[in-house]
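J.: Residue strings, one per chain:
Protein chains: 2
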Amino acid sequence: MHPILLLLLLASAALAQTSAPSNVRGGRYPLIHPDRSVTFQIKAPTAKSVQILPAGNDNGMGKGPYTLSPAQPEGTWTGTIPPVRPGFHYYSVLIDGFPANDPNSETYFGWAKPTSGLEVPDPALDFYEAKPVPHGDIRIHHYHSTVTGQVRRAFVYTPPNYDNNPKQRYPVLYLQHGSGESERGWTAQGRANFILDNLLSAGKAQPMIIVMEQGYAIRKGSSSEPGARGNEAFPDVVIQDLIPHIDKTCRTKPDRNSRALAGLSMGAGQATRIALANPKLFGYVGAFSGASPSSVDPKTAAEAKFRLLWIGYGELDGRYNGGKELHQVLDKAGVAHTWFEGPGSHEWQVWRKHLHAFAPLLFR
Amino acid sequence: MHPILLLLLLASAALAQTSAPSNVRGGRYPLIHPDRSVTFQIKAPTAKSVQILPAGNDNGMGKGPYTLSPAQPEGTWTGTIPPVRPGFHYYSVLIDGFPANDPNSETYFGWAKPTSGLEVPDPALDFYEAKPVPHGDIRIHHYHSTVTGQVRRAFVYTPPNYDNNPKQRYPVLYLQHGSGESERGWTAQGRANFILDNLLSAGKAQPMIIVMEQGYAIRKGSSSEPGARGNEAFPDVVIQDLIPHIDKTCRTKPDRNSRALAGLSMGAGQATRIALANPKLFGYVGAFSGASPSSVDPKTAAEAKFRLLWIGYGELDGRYNGGKELHQVLDKAGVAHTWFEGPGSHEWQVWRKHLHAFAPLLFR
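Chains U and F are the protein sequences, given in the same order. Here the first sequence is numbered in the working numbering, starting from 41 and rising by one per residue. Here the second sequence is numbered in the working numbering, starting from 41 and rising by one per residue.
Fair warning: there could be bad hints in the mix.
Pairs count within a copy or across copies, as identical chains cannot be separated in the list.
Claimed, not checked - Okay, derived cross-link-like pairs now, SDA-like style, lysine to any residue, Cα gap no bigger than 25 Å in a straight line: (1) K288 - R209; (2) K260 - T58; (3) K171 - Q280; (4) K260 - D166; (5) K372 - R347; (6) K88 - T118; (7) K288 - Q208; (8) K88 - G104; (9) K171 - T188; (10) K260 - R65; (11) K320 - G374; (12) K171 - T186; (13) K288 - N205; (14) K372 - G96; (15) K244 - H184; (16) K171 - P284; (17) K260 - P174; (18) K260 - Y69; (19) K345 - S298.
Hint data in this document are derived by calculation from the structure and do not stem from the laboratory.
Next comes chain U alone, as it looks inside the complex (with noise of 0.2 Å):
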């Protein structure tokens, strides 16, 4: 081959490489080959060993850990994984086998702790990608609870152009994280507001506003350790404390027609059972890879007359099964409801497409 072509088929061979989109400002690695296979680098010139790992069993980046390799410059280590599939996956880097962060990486609340994340984009998707389009406003809200006694803190996405129609009252999506997670996982994981940007520049959803709270809460005086991971008072934070003050101090449409409850995994199962225990409250509700015959009753769910219970799953997912025996019952018993099932796990990205799914069919 002459030499310069090779140079050039080199070149834009280089060009197709990709630094993951969660790395820090300027991070080069993380670093997404045209195959998706990933190439890690981390410096720890002193560490005895460095590995990938990630985290949960059926993550997108396979199962680990990845061995990573002393490199140069000195005192790197370097190695790439095979390809990973398109989404958002938590990892840690084991030194010496401890479970550290990746300093090249963002991190993402996430098992509980700030947790690395690898976010590889999807060639063939781009609804949760931030587009030339009127962007709504995240907003950090803080409030007193009167059930925990505390302050605490809603993202609140309010749609474009919210400030300019100081007379519009909008519906509420109050939408929950998972297990481990918090309030910030649905915008910085999920990408919540991108996802409603789009829909609503495309005219495929109805203008909302959507709140995620975080799904933890302890009551005022319990006896748990001062901020304890406990979260027996979170029905209680919503129906005492967050609905009447989003009502309050947003621009709402306070009946059940324009509120929705919806979440992911332990949110999902937050979300229904809230939800069946207040059908006067919701009129919508969804479940993102959390629902199962355990968590919904049929004779309940009928007699609550929902205008709209979702539930989703992933194929992948290990809940799957009890997913599809929950559609099936509810078949059986006459309960309308959607189910919606595709490809992946339990992972954000199933959950970013079951937003997209579900958002459009609310507040019809």
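Put chain F on the given structure of chain U with help from the hints.
T.: Chain F in isolation, oriented as in the chain U frame:
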């Protein structure tokens, strides 16, 4: 001593310990003792060495590294470091020499990566705490930059009741972070929102919008790596993109006398340089721990006729002498300015105090 008395004493001592407010939800360690010594506990069963390393040379946690010892339960390491200055301090956990984050702590973007932080309450100061007063929102605001060709985001504080007064317009403070930090710094580390909430509740400041952007920007078409860390295009982003966008999308008073620019460390240099080059745009300038004779020319400063030129330093700051020299140079040249000095080094506790002293002087 009577055993009951001893028990009571032990119980009250135990009560006086507090988990750091910077810990993850439910995290017991780092644990702050009444004398402000701090106990760390790290689970690292396969590590050979575990140490706590305060970031930087003038950290309120001291110099370190502090070596932890194997402890019970099996696989954990623990140690107590000497009394720490109140405020916020970046640190790492050295695992066999590798600077990892403490899984017990939240991460904060500093030192160009997500870094563990230790928040130590000050028994004598609460002006930056979340109190039962009306809270403004922090809006995560995405916008397109013509200068960089990318979507950027600003954190925008809107004061309490901003939404309830749709005809009121507000002055704006543009407020910048330091080197290696991000647009998240002034709220997560600096608590700018709570500082303003408390000042406003006490009637000590004018209601204002605060805009916090990222001080890094690379011009579109630059040959730098995508996402590289330069800041050469930041002044153009502020003048050509950010201010016009904020004036278009927020209810601002878009004039010099209602616009301030301030920053800390690197951000102080950026604030003074941008304001001195654009004196028709900014009436108020604040330089927190970053102005020096090399960044502020007395003749240019005199001609700019700012309504306020405010310069502050902590007395333990390595650059304090440069700031003091600037103060004297400006005095000698007859340039009106405010000089502020107080305890502390190059640290967030000082910058919280700076904002608390600076904000009440604005827009009078």
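J.: Hint by hint, say whether it matches the structure.
T.: Each hint, compared with the structure:
Taking the shortest alpha-carbon separations for K288 and R209, both the intra-copy value of 12 Å and the inter-copy value of 22 Å come in at or below 25 Å. Taking the shortest Cα distances, K260 and T58 sit within 25 Å of each other only across copies (17 Å), while inside one copy they are farther apart (48 Å). Taking identical chains as interchangeable, the C-alpha atoms of K171 and Q280 lie at most 25 Å apart only when they sit on different chains, with a minimum of 21 Å there against 37 Å within one chain. When the C-alpha separation of K260 and D166 is checked against a cutoff of 25 Å, the pair qualifies only between copies, where the shortest distance is 22 Å, while the shortest distance within a copy is 44 Å.
Only within a single protomer do K372 and R347 lie at most 25 Å apart by alpha-carbon distance; the minimum there is 19 Å, versus 74 Å between protomers. Taking the shortest alpha-carbon separations for K88 and T118, both the intra-copy value of 13 Å and the inter-copy value of 22 Å come in at or below 25 Å. In the homo-oligomer, the alpha carbons of K288 and Q208 lie at most 25 Å apart both inside one protomer (14 Å) and across protomers (20 Å), since each shortest distance falls under that limit. In this homomeric assembly, K88 and G104 come within 25 Å of each other (Cα to Cα) both inside a single copy, at 18 Å, and across copies, at 23 Å.
Taking the closest pair of Cα atoms, K171 and T188 come within 25 Å of each other only across two copies (15 Å); inside a single copy the shortest separation is 39 Å, beyond that limit. Taking identical chains as interchangeable, the C-alpha atoms of K260 and R65 lie at most 25 Å apart only when they sit on different chains, with a minimum of 16 Å there against 40 Å within one chain. In this assembly of identical chains, the alpha carbons of K320 and G374 lie at most 25 Å apart only when taken from the same copy (21 Å versus 70 Å across copies). When the C-alpha separation of K171 and T186 is checked against a cutoff of 25 Å, the pair qualifies only between copies, where the shortest distance is 14 Å, while the shortest distance within a copy is 40 Å.
Taking the closest pair of Cα atoms, K288 and N205 come within 25 Å of each other both inside a single copy (17 Å) and across two copies (15 Å). In this assembly of identical chains, the alpha carbons of K372 and G96 never lie at most 25 Å apart, being 34 Å within a copy and 65 Å across copies at closest. Taking the shortest Cα distances, K244 and H184 sit within 25 Å of each other only across copies (23 Å), while inside one copy they are farther apart (35 Å). In this assembly of identical chains, K171 and P284 lie within 25 Å of each other by CA distance solely across copies; the values are 20 Å between and 34 Å within a copy.
Only between protomers do K260 and P174 lie at most 25 Å apart by alpha-carbon distance; the minimum there is 21 Å, versus 41 Å within a single protomer. Taking the shortest Cα distances, K260 and Y69 sit within 25 Å of each other only across copies (22 Å), while inside one copy they are farther apart (45 Å). For a Cα distance limit of 25 Å, the shortest separation of K345 from S298 inside one copy, 15 Å, qualifies, whereas the shortest one across copies, 54 Å, does not.
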